[in-house]
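**Q** With chain A held as given, fit chains B and C onto it using these hints.
Chains as they are written, first to last, in our numbering: chain A, 1 to 258; chain B, 259 to 431; chain C, 432 to 913.
What the hints contain is simulated information worked out from the structure, not anything from laboratory work. Treat the hints with care, since some could be wrong.
Straight-line distance between alpha carbons at most 25 angstroms, and here's what the computed BS3-like set of lysine-lysine pairs gives [what the hints assert, rightly or not]:
(1) C:852 x C:465
(2) C:748 x C:810
(3) C:748 x C:811
(4) B:302 x B:280
(5) B:409 x B:302
(6) C:774 x A:256
(7) B:280 x B:410
(8) C:903 x B:302
(9) A:78 x A:241
(10) C:740 x A:241
(11) C:551 x C:774
(12) A:78 x C:852
(13) C:740 x C:811
(14) C:774 x C:900
(15) A:78 x C:900
Computed footprint of chain B on chain A, listed as stretches where at least three residues anywhere in the stretch have a Cβ under 8 angstroms from a Cβ of chain B [as the list claims (entries may be wrong)]:
(16) 59-72
(17) 85-95
None of these values were measured; they are calculated from a predicted model. For every residue, glycine included, the Cβ atom is placed at its ideal position computed from N, Cα and C.
Read off the chains here:
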Amino acid sequence: MKTDLNMMGAKGAIVEEAEGKWGMVIDQDICTGCQACVAACAMENNISFVGEEDAGYGRTQHWIRIERFWEGEYPEVKMTPNQPMLCQQCGQAPCEPVCPVFATPHSNAEQLNLQVYNRCVGTRYCANNCPYQVRSFNWRDYHIDRFHANKVDGKSVYSFHNQFNPDVTVRRRGVMEKCTFCIQRIHKAQDTAKSEGREVVDGEFTTACAQACPANAITFGRVDDHESLVSQLSHQKGGVKHLEELNTLPRVTYLKGG
Amino acid sequence: MSDTTLLALFEDIDPAANAVEKLYEMGITDENINVISGVPIAHKMLGRPHPVTNVSRLALGGAIAGFIFGLFLNFGTPYMYFVPVGGQYITPVPPGLIITFEMTMLFALLATFLGVFLDSYFPNYRPMEYVAEVSDGKIAVFFRCPPGEDKKFTDAMDNLGALSVQPAEAQQL
Amino acid sequence: MASTAHPYSKPAKAHEGHHEEEQDMREFLMYDPKPRGEMNQMVMESMTTTSWKFWVVFGILCVLVATCFIYAWGYMIAEGLGVAGVMRPSYWGIFLVNTVFWIGISHAGTFISAILRVFKAEFRRPFTRAAELMTTFGLIQAGASIFMHLGRVWLFYWLLPVPNQRMLWPNFHSPLMWDLLAITTYVLGSTMYLFLPLIPDLAMARDRSTGWRKTFFKILALGWRGTEGEWRHLTTAMNFFAFAIIPVMFSVHTIVSWDFAMAMRPGWSSSVFGPYFVLGALHSGMGAVAIVLFIMRATMKHMDYFIRKEHFDGLGKLMLIVTFAYSYFFFNDYIVQWYGGDKWTDILLHWLEEGPMSWMFYQLILFNIVIPPLLLWNKKLRQTPWLLALIGLMINVGMYWERYLIIPVMLTINRMPFTWKLYEPRIELFLTIGTFSVFLLFYMAASRLIPLIPVWEVQEGQMTHSLRKVGKAEVPTVSEFE
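Next comes chain A alone, as it looks inside the complex (with noise of 0.2 angstroms):
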């Protein structure tokens, strides 16, 4: 007889054998640092400017961030690869079931980590939770705050009125964000492909990160076609998922002195 150990309350027996669906692989090797992706997912996703002063405290809203790191001890320093960090959409995420109002859910259709602005009341436990540290907190209304406009010609301009994305919701202050595998544009590719009557093909999309990327090193798909680019990357050697023996289930690999 087979022990349902979901029954038992055994955690990680259901996602154990599931690879996820949707899927990322960086490369390290030929990241250059440009920050590009980290420009464009602010872009995409109205990530809020938070100024000079937080920004150099450590509240940087960026939902990806470029690590760089030294080696060594002076003169002798050496830099290692760039990492780009950003949410793994763990597929047992350590954030989703430490959330006492179930702001951030699983995604069961899509395989990945949701965070539903609405119901976030802000105790930001899954931040304090998540391993990667990628969650970003909304300490302030940056969006409306008029010390964080600019003034042009006796105007206060908001980050907003320059450049903003209508397909993504703007977060007010109190509320955890993070990444979100840019799920508008999935749900945009996959509104498109059902009324074509086909299937999303791979390439077809990608997110505002992986198309800024000038030197192609972030790349995103479905990482259970087994066909598809993003999944044959993550196959290969030198693949290595970050922090794996916390058995979070990552879906991003990252690749790196191939």
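**A** Chains B and C in isolation, oriented as in the chain A frame:
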């Protein structure tokens, strides 16, 4: 005109206990005697019957209700709106133990508290038979004596060392 | 015969020395009874005698509450949490330090009141209420601190398990949900436990006051007379409460520790956190009781009759035991983590020992583990009220550092070295002053409004205690009425 209620005030437990015994001898039944005191005095010391209380039964009832409510919260509500999180089972047992424990205790404590209110008819702001000396440690024995026998009972109480014996009046506390 | 006496024995002197240590039993409250009427009078006077100093402190606290609590919190709600110091990676800051601290303070009330009641420790009688009040008011501060911590506090009711239009129930997988239910249970339970034994004393106060006080006590006393039935219901309920509130108390602080221990973080993910936090809570709570008793005794009229050296002595012994127990868990937590040799834990421990906040770590060891046992072993020192209050204050400072180290300082170290950054408190400092002021204000107001001494329990105790002559000595005898 029905019976009159007399109130005998005593300094200490011993004379009060004697008074209760005397009242029994004179034919006053248990339900017609009431003792008021400023500290809890065990019924045994006054030779009075064991007062019945529903508090513990209510506590048990509350505990059972809380246990069921806790089970409902953990094993019922998640099915009303299915939200998968963190690869965990929809209704895991370990958190259920915590939830049911807390709810059991909460309801049991609430029921105990309400039990005191229900059993003692609190809050009660109607005029009651009372003497303020009770909160100074005196012991008051109330009893309902048959009409026309006030004198007999008053004398009996006085002989047993009552500080005062008087007809009890309902007063606004 | 003189020659048989041992040359070294000095019986007379030895006897003298022994005599010095012996305390006269009549110095104990239980063997120094007063008529109930006189005690009532003393307690009533302690409530009504108010000097100008009281009103000065009261006024200052009112100003502090208005500015540091109401205004500061309102400003933070209006501006967002950006005015606080929390950031990545220390998403939790002083707000949760305060929460854990106040829940810790609240533990002593229940511990002293319930555990000592269950084990019939008689020295508890005069100060159970003062300790229970600390529980209730401390929990109010803990609750306020949690709400301050929320990003969108105006939506706090989304956490409550009530049917709603969104058809969404809260997530019972979340340790915060367990926390909410446990703290709710504890707040309600401890408030009811405070109120039940208060009813007879409120009735006493009702009988001996006039004017608005009379109305106030009349409403709160609920029409208590003290009939056999009422006493029986009350004592049954109190007995049940004393037993039932102990597991609730242990569960509350264990669950608070699980907020941390359940998280996947170096330093936090420790299975000993539950008992470690419970003992830490008792440690700080006992210290707080010592401070409160000292202040009560020093400032309120007639309190030197009710609160005596023996009570400080008993409390000091409890503090000594709790210090040892706390030290054991502290050592246990750190050595197991250190020996594990996990990379991140290792970095974290070095961060605590050598980082910029290491002074907190060493003060914590000094204040909580080293100094208290060095002083508390001595009976004379234990019986010195101001010294015990000072030790209590020291322990509380140490315990505050402990929570500060566990929350924002440990949060600095995570598995993503790129984000490491030290937390700097900003408006939290004002709000911390605010919560302390609210606590003190509530306590001061309560000391004028309700009898802080459970007179009927003291009288009950004095009735059960007597001195019995055995040979030439008088030995204390306790009878059980129940």
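**Q** The structure should be examined with respect to each hint, and the outcome stated for every one.
**A** Evaluation of the provided hints:
For the given pair, residue 852 of chain C sits about 62 angstroms from residue 465 of chain C by alpha-carbon distance, which is inconsistent with the 25 angstroms threshold. Taking the CA atoms of residue 748 of chain C and residue 810 of chain C, the gap is about 9 angstroms. The hint holds against a cut of 25 angstroms. The hinted pair formed by residue 748 of chain C and residue 811 of chain C meets the criterion: a straight-line CA distance of about 12 angstroms does not exceed 25 angstroms. Distance hint between residue 302 of chain B and residue 280 of chain B is fulfilled; the C-alpha atoms sit about 16 angstroms from each other, no more than 25 angstroms.
For the proposed pair residue 409 of chain B and residue 302 of chain B, the alpha carbon gap of about 29 angstroms is over 25 angstroms, so the pair is violated. Of the supplied pair hints, the one linking residue 774 of chain C and residue 256 of chain A holds, its CA atoms being roughly 22 angstroms apart against a limit of 25 angstroms. About 12 angstroms separates the Cα atoms of residue 280 of chain B and residue 410 of chain B, which keeps this hinted pair within 25 angstroms; it holds. Proposed proximity of residue 903 of chain C and residue 302 of chain B is contradicted: the alpha carbons are some 33 angstroms apart, above 25 angstroms.
Of the supplied pair hints, the one linking residue 78 of chain A and residue 241 of chain A holds, its CA atoms being roughly 23 angstroms apart against a limit of 25 angstroms. Restraint check: the Cα-Cα separation between residue 740 of chain C and residue 241 of chain A comes to about 64 angstroms, which exceeds 25 angstroms; the hinted pair is violated. Only pairs whose Cα atoms come within 25 angstroms are accepted, and residue 551 of chain C paired with residue 774 of chain C is rejected, the gap being roughly 49 angstroms. Restraint check for residue 78 of chain A and residue 852 of chain C: the C-alpha separation of about 23 angstroms stays at or below 25 angstroms, so the hint holds.
The straight-line distance between the Cα atoms of residue 740 of chain C and residue 811 of chain C is roughly 10 angstroms, inside the 25 angstroms bound, and the hint therefore holds. With a C-alpha separation of about 67 angstroms, the suggested pair residue 774 of chain C and residue 900 of chain C falls outside the 25 angstroms cut-off, and the hint is violated. For the hint linking residue 78 of chain A to residue 900 of chain C, the alpha-carbon distance of about 87 angstroms lies beyond 25 angstroms, and the restraint is violated. Look at the region 59-72 of chain A against chain B: 0 of its residues bring a Cβ nearer than 8 angstroms to a Cβ of that chain, fewer than three, so the hint is violated.
Only when three residues or more bring their CB closer than 8 angstroms to a CB of chain B does the claim for the region 85-95 of chain A stand; here the count is 5, and the claim holds.
Checked against the numbered hints given earlier, the structure breaks hints 1, 5, 8, 10, 11, 14, 15 and 16 and satisfies all the rest.
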